[in-house]
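Going down the list, the sequences are from chains E and Z.
Sequential numbering of the first sequence, starting at 431, is according to our numbering.
Sequential numbering of the second sequence, starting at 14, is according to our numbering.
These aren't lab readings, by the way, just hints derived from the structure by calculation.
Quick caveat: nothing in here was measured; it's all calculated off a predicted structure.
Note that the Cβ used here is the ideal one computed from N, Cα and C, for glycine as well.
Worth double-checking, as some hints may not be accurate.
Computed list of chain Z residues with no C-beta within reach of chain E, every gap over 12 Å [what the hints assert, rightly or not]: (1) N36; (2) G61; (3) D248.
Computed footprint of chain Z on chain E, listed as stretches where at least three residues anywhere in the stretch have a Cβ under 8 Å from a Cβ of chain Z [unchecked claim]: (4) 541 to 554; (5) 738 to 752; (6) 772 to 779; (7) 809 to 819.
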Amino acid sequence: MNLIYLDNNATTKVAPEVLEAMMPYFKEEYANPSSIYEFAKKSNHAVRDARGVIKDFLNAESEKEIIFTSCGSESANTAIRGVLNMNKNKRHIITTKVEHPCVLNLYQTLEKEGYKVDYIGVNANGELDLAQLEEAINYDTALVSVMYANNETGVIFPIEKISEIIKSKNKETKFFVDAVQVAGKIPIDVQAAGIDLLGISGHKFHAPKGVGALYINSKTLITPLIIGGHQERGKRAGTENVPYIVGLAKAAELAADSLNYEMTEVKRLRDKLETGIIKSIFNSRLNTGVANRVPNTTNIGFEYIEGELILLHLSDLGICASSGSACTSGSLEPSHVLRAMNVPFTSIHGSIRWSLSKYTTEKEIDYVLEVLPGIIEKITKLSPYQEELANLKRLKG
Amino acid sequence: MWDYSEKVMDHYRNPRNVGKIDNADAIGEAGSLACGDSLKIYLKIKDGIVTDAKFQTFGCGSAVASSSILTEMIIGKTVEEVKKITNKDIADQLGGLPPEKMHCSVMGYEALEDALKNFDDMTDLDDLRNEKKEEKIVCTCFNVTENLIWDAIKQNGLKTVEEVTNYTKAGGACGKCKGLIQDIIDTYYKKEENKKDAPALSPAQRILKINNVIESQISPELRKDGGDITLVDIDGNKVLVKLRGKCSGCKNSHLTLKAFVESTLRETVDKNIDVIEVA
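Please construct the entire structure, taking both the sequences and the accompanying hints into account.
Structure follows, in structure tokens:
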């Protein structure tokens with residue numbers, strides 16, 4: 431049985447070129463980059479060069495604006511706590527209802543610590559309510575924190591526009607962007623978009639798990655989250671994870687080279703999968719409508735059936751996808767993102783996220799389109815809502 | 014990734030007895046579409062024996078497996094035997110379920126119980142229910158009744174609110190009913206002790222209980238209004254607390270303290286408690 435991996439928003443496979451680039455830094459060039467001897471030169475330069483690559487990848491102004499972290503969550507925690515600590519007199523934060531849990535749970539913690547947090551809503555397509563955002567910004571707003579694109583729906587938020595809104599209302603307010611789901615999928619330009627801080631995570635674009643980066647523009651001051659040595663210009667202590675940093679940079683290089691492929695070919699395959707499913711399965715529903723999305727993601731609800739069971743049957747055929755259903759995660763409530771979009775409860779529990787990568791082939795998509803209708807039909811037959819299903823079929827038929 | 018047993022996987026891959034029985038003698042339902050899982054069970058009963066059973070389930074792998082194996086467990090059994098089946102029997106037959114999935118077995122039990130209740134001849138079922146309280150919804154998010162929670166505690170020896178949530182889903186969404194669930198657990202175990210008077214709380218138990226009430230019942234309410242509360246000290250019947258966030262300096266804080274904090278603690282822990290605010 432071949433593996434068909436359509437869960438690339440959860441994690442991606444390490445690109446062979448990335449692994450190859452990392453290997454020498456495990457085997458031969460294991461020196462601590464801070465050491466003084468000649469032997470440390472290569473690892474020191476490797477980190478320096480990697481910083482340059484990430485600077486270019488995000489179009490930052492200077493290498494000094496990039497720090498390496500262990501993951502997307504650390505990038506977000508460093509950015510958010512760091513900014514708030516430097517602006518103690520401001521107690522107001524704005525974010526969205528659909529942020530990733532790593533950010534959302536942090537804001538809930540900050541609320542307990544006395545911050546006021548406004549959560550901006552989305553419409554039925556998953557698009558952000560910019561009027562509500564503009565309304566919420568005031569003199570006390572320390573930080574606006576918006577993800578670049580949503581991990582479950584792939585919907586891209588208008589970052590440049592949001593930055594303009596923020597700066598027009600309060601010039602002191604900092605803007606943090608969680609870009610974990612866009613790195614390697616669409617171009618990122620922190621200067622053009624007017625971003626103060628931006629976090630990425632390596633394992634979402636074919637680097638290994640355990641490495642990320644944070645961009646902090648030169649006008650923004652933060653306190654470190656991890657305190658200790660002088661590494662990362664005092665903004666993140668801990669001996670540099672040289673092989674992983676090298677891997678992150680290699681993955682960024684590869685991603686920059688394949689951006690065009692992502693936005694044309696990966697998008698074509700995603701669209702083929704999406705329209706194929708919607709056409710062939712009467713109780714399917716595109717959860718995002720026509721919203722502007724990253725090219726690799728689609729989120730489709732199947733009405734009157736439950737998502738985990740779909741995933742289990744797909745898994746039996748080697749197909750990996752994920753679901754916003756409550757049952758999959760062990761939590762009892764369905765995805766906070768789909769709930770914020772008011773996805774009808776007939777399909778929220780049966781919503782499946784498909785996320786492709788540059789390694790996805792047409793053959794794989796064809797296979798999914800071949801087997802999925804049978805799986806859905808089998809599960810639909812189990813449903814107690816046969817009358818509703820018959821009505822739906824009549825309506826669509 | 015769930016660690017499902019082979020049996021669970023077999024049953025969700027090849028569910029037995031799927032469908033409906035058109036002229037069923039009893040139909041039972043549990044769960045709802047909004048809650049994320051629901052089950053309908055149809056029984057054919059002749060001369061006190063279940064001659065056929067079919068099911069329709071909207072739910073995850075373990076929900077389908079629980080329904081499927083339940084139909085196998087009851088076909089050919091007498092109604093008396095079927096009445097004795099508990100959710101634990103369903104889970105055991107499946108070779109166990111992950112703790113977070115135990116509510117699927119409870120849903121099977123619930124639907125079966127509902128079917129038997131709807132079966133006209135089952136008059137003696139009332140006896141089964143007498144020891145329980147009347148139907149009352151505890152968890153409004155998932156529509157879980159006090160009876161169901163009571164049964165789950167009894168059949169599975171549940172001791173904590175978290176376990177009750179795993180088995181019945183109650184308290185799994187907004188969490189408002191967690192205090193009520195704790196009360197049901199407390200009441201159940203008090204009854205278990207043959208209605209012995211509950212022993213007076215030890216000083217340590219008392220502190221824990223006060224702290225628990227503040228964290229689970231009082232603090233969430235205050236947080237809704239942008240405030241919060243911390244327990245500072247306990248000195249005999251005096252409970253010293255600090256109001257934070259919007260509560261501190263709020264004109265109504267005295268009212269909050271007496272009418273809500275103190276009365277809640279008096280109700281749940283000790284009627285002699287005095288709550289005092291410290292700066």
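Which numbered hints turn out to be false for this structure? Of the numbered hints, all hold.
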